[in-house]
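Engineer: Residues per chain are reported as follows:
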Amino acid sequence: QQQVKQSPQSLIVQKGGISIINCAYENTAFDYFPWYQQFPGKGPALLIAIRPDVSEKKEGRFTISFNKSAKQFSLHIMDSQPGDSATYFCAATGANNLFFGTGTRLTVIP
Amino acid sequence: DAGVTQSPTHLIKTRGQHVTLRCSPISGHKSVSWYQQVLGQGPQFIFQYYEKEERGRGNFPDRFSARQFPNYSSELNVNALLLGDSALYLCASSFGYGTTYEQYFGPGTRLTVT
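Going line by line, the protein sequences match chains F and X.
What the first sequence shows, in the numbering used here, is residues 1456 to 1565, in sequence order.
What the second sequence shows, in the numbering used here, is residues 4 to 117, in sequence order.
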């Protein structure tokens, strides 16, 4: 059973546009929600993370929005660039385990 | 500073064989976790080790085992390989274990079972 559900599976955005990736979870025991960026041939790299007592966190062009009551969180990439083209994974931690979503392949068109 | 390193980079094995994958954590990190990433999917947690003791185990069969050495490096062993074991195996290290510590991933070992 997928602990963290992620959508869309793929996303194509024009350069300068906003990329939005959504995730949902069921386990209210999760206590940390990171996002990872993965380029082909590389391991996932931590991008930004949020705790459930915070509704929004922004780091540069990347923003996480967190809705605890709806058990949903999303990643917004502002002013998307071709270099942002990668696979993005949301995740959730609990019980010393890190549960990943299924990934979103983002393509930013110049 | 060197990041998490893994060896080998690629590996081809035959069904029924055994494989050992190796991981060296970031200097100062005492926790190592292993993940399996099947093509097109997110990584799935296999094991976590901290201070040479197993601290967490995912839903994988007993054919999978691991250990951590005094220098905090780690090995993942898989016995009786199946075609379905073909995947990218990722190692991640962190200073401690538990949800408060961020994990840093290595580039992975691509295992192909034929």
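Take these hints with a grain of salt, some might be off.
Simulated coverage check for chain X against chain F, where a stretch passes if three residues somewhere in it have a Cβ under 8 Å from a Cβ of chain F [unchecked claim]: (1) 40 to 51; (2) 54 to 68; (3) 108 to 115.
Mimicking DSSO-like on lysine-lysine, the simulated pairs with C-alpha atoms at most 30 Å apart in a straight line are [claimed, not checked]: (4) F:K1460 to F:K1512; (5) F:K1497 to X:K33; (6) X:K16 to F:K1497; (7) F:K1497 to F:K1513; (8) F:K1526 to F:K1512; (9) F:K1526 to F:K1513; (10) F:K1512 to F:K1470; (11) F:K1497 to X:K55; (12) F:K1523 to F:K1512; (13) F:K1460 to F:K1497; (14) X:K33 to F:K1512; (15) F:K1523 to F:K1513.
Think of the hints as simulated: they come from the structure by calculation, not from any bench.
Ideal Cβ placement from N, Cα and C applies to all residues, glycine included.
Engineer: For every hint, state whether the structure bears it out.
Structural biologist: Against the structure, the hints:
1. 40 to 51: This one holds; 7 residues, not fewer than the three required, reach chain F with a Cβ under 8 Å.
2. 54 to 68: As far as the stretch 54 to 68 of chain X goes, the hint holds, because 3 residues have Cβ atoms under 8 Å from chain F.
3. 108 to 115: Since 4 is at least three, the answer is holds.
4. F:K1460 to F:K1512: Roughly 20 Å between the alpha carbons, so the hint for K1460 (chain F) and K1512 (chain F) holds.
5. F:K1497 to X:K33: Holds - the C-alpha atoms of K33 (chain X) and K1497 (chain F) are around 22 Å apart, at most 30 Å.
6. X:K16 to F:K1497: holds (22 Å)
7. F:K1497 to F:K1513: Holds, at roughly 25 Å.
8. F:K1526 to F:K1512: Status holds; Cα separation ~16 Å.
9. F:K1526 to F:K1513: Given pair K1526 (chain F), K1513 (chain F) holds - Cα atoms ~19 Å apart, limit 30 Å.
10. F:K1512 to F:K1470: holds (23 Å)
11. F:K1497 to X:K55: Holds - the C-alpha atoms of K55 (chain X) and K1497 (chain F) are around 26 Å apart, at most 30 Å.
12. F:K1523 to F:K1512: OK: K1523 (chain F) and K1512 (chain F) at ~14 Å, within 30 Å.
13. F:K1460 to F:K1497: holds (23 Å)
14. X:K33 to F:K1512: holds (29 Å)
15. F:K1523 to F:K1513: With a Cα-Cα distance of about 17 Å, the restraint between K1523 (chain F) and K1513 (chain F) holds, given a limit of 30 Å.
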